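Asker: Here the numbering used here is used: the first residue of the sequence shown is 4, the next is one more, and so on.
Among the hints, erroneous ones may be present.
Claimed, not checked - Derived EDC-like pairs: lysine to aspartate or glutamate, alpha-carbon spacing no greater than 20 angstroms straight-line:
| no. | residue 1 | residue 2 |
| --- | --- | --- |
| 1 | 46 | 34 |
| 2 | 49 | 34 |
| 3 | 46 | 17 |
To be verified - Restraint ranges, calculated between C-beta atoms of paired labels, are given here:
| no. | residue 1 | residue 2 | range |
| --- | --- | --- | --- |
| 4 | 14 | 102 | 30 to 36 angstroms |
| 5 | 103 | 16 | 17 to 23 angstroms |
| 6 | 46 | 83 | 28 to 34 angstroms |
| 7 | 92 | 55 | 31 to 37 angstroms |
| 8 | 103 | 67 | 27 to 33 angstroms |
Honestly, the hints are just simulated from the structure, not real lab data. None of these values were measured; they are calculated from a predicted model. For every residue, glycine included, the Cβ atom is placed at its ideal position computed from N, Cα and C.
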Amino acid sequence: MLLTPDTPDTALADLLAAAGIDAEAGHATLDARGLNCPLPVLKARKALAGLVPGARLVVVASDPMAVIDIPHLCTSEGHRLVASQVAGRLSAYLVEKGPTLSTPSGQET
């Protein structure tokens with residue numbers, strides 16, 4: 004969970020609220036603050052792989068390349084970028100996992 008009563012983070016709370024992301028909605032979360040490219044997008048890809056289609060993932064990142072990488076991940080892999088917001092050095096994304104695709108060999112992607 005990104006926000007807890009024990010460790011309030013008003014900047015993060017404000018960022019999520021500005022993006023229209025409900026921190027209490029029970030979405031899967033990925034706190035990628037402090038990670039540099041390409042780690043935020045690689046960890047987002049891995050987190051999405053563990054979700055069922057239609058499930059949502061909240062990603063928070065401090066890497067400036069995330070504003071390019073996360074939307075590109077969604078476009079290239081069939082996910083939906085529901086919301087995004089940038090404030091200062093932080094960015095937040097709400098990503099909905101797209102349908103699971105099968106390759107010709109029958110493996111899921």
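Asker: Work down the list of hints and note, for each, if the structure agrees.
Answerer: Hints and how they fare:
no. : hint                         : in the structure
1   : 46 / 34                      : holds (10 angstroms)
2   : 49 / 34                      : holds (13 angstroms)
3   : 46 / 17                      : violated (24 angstroms)
4   : 14 / 102: 30 to 36 angstroms : holds (35 angstroms)
5   : 103 / 16: 17 to 23 angstroms : violated (33 angstroms)
6   : 46 / 83: 28 to 34 angstroms  : violated (19 angstroms)
7   : 92 / 55: 31 to 37 angstroms  : holds (32 angstroms)
8   : 103 / 67: 27 to 33 angstroms : holds (31 angstroms)
The structure does not agree with the numbered hints 3, 5 and 6 stated previously, though it agrees with the rest.
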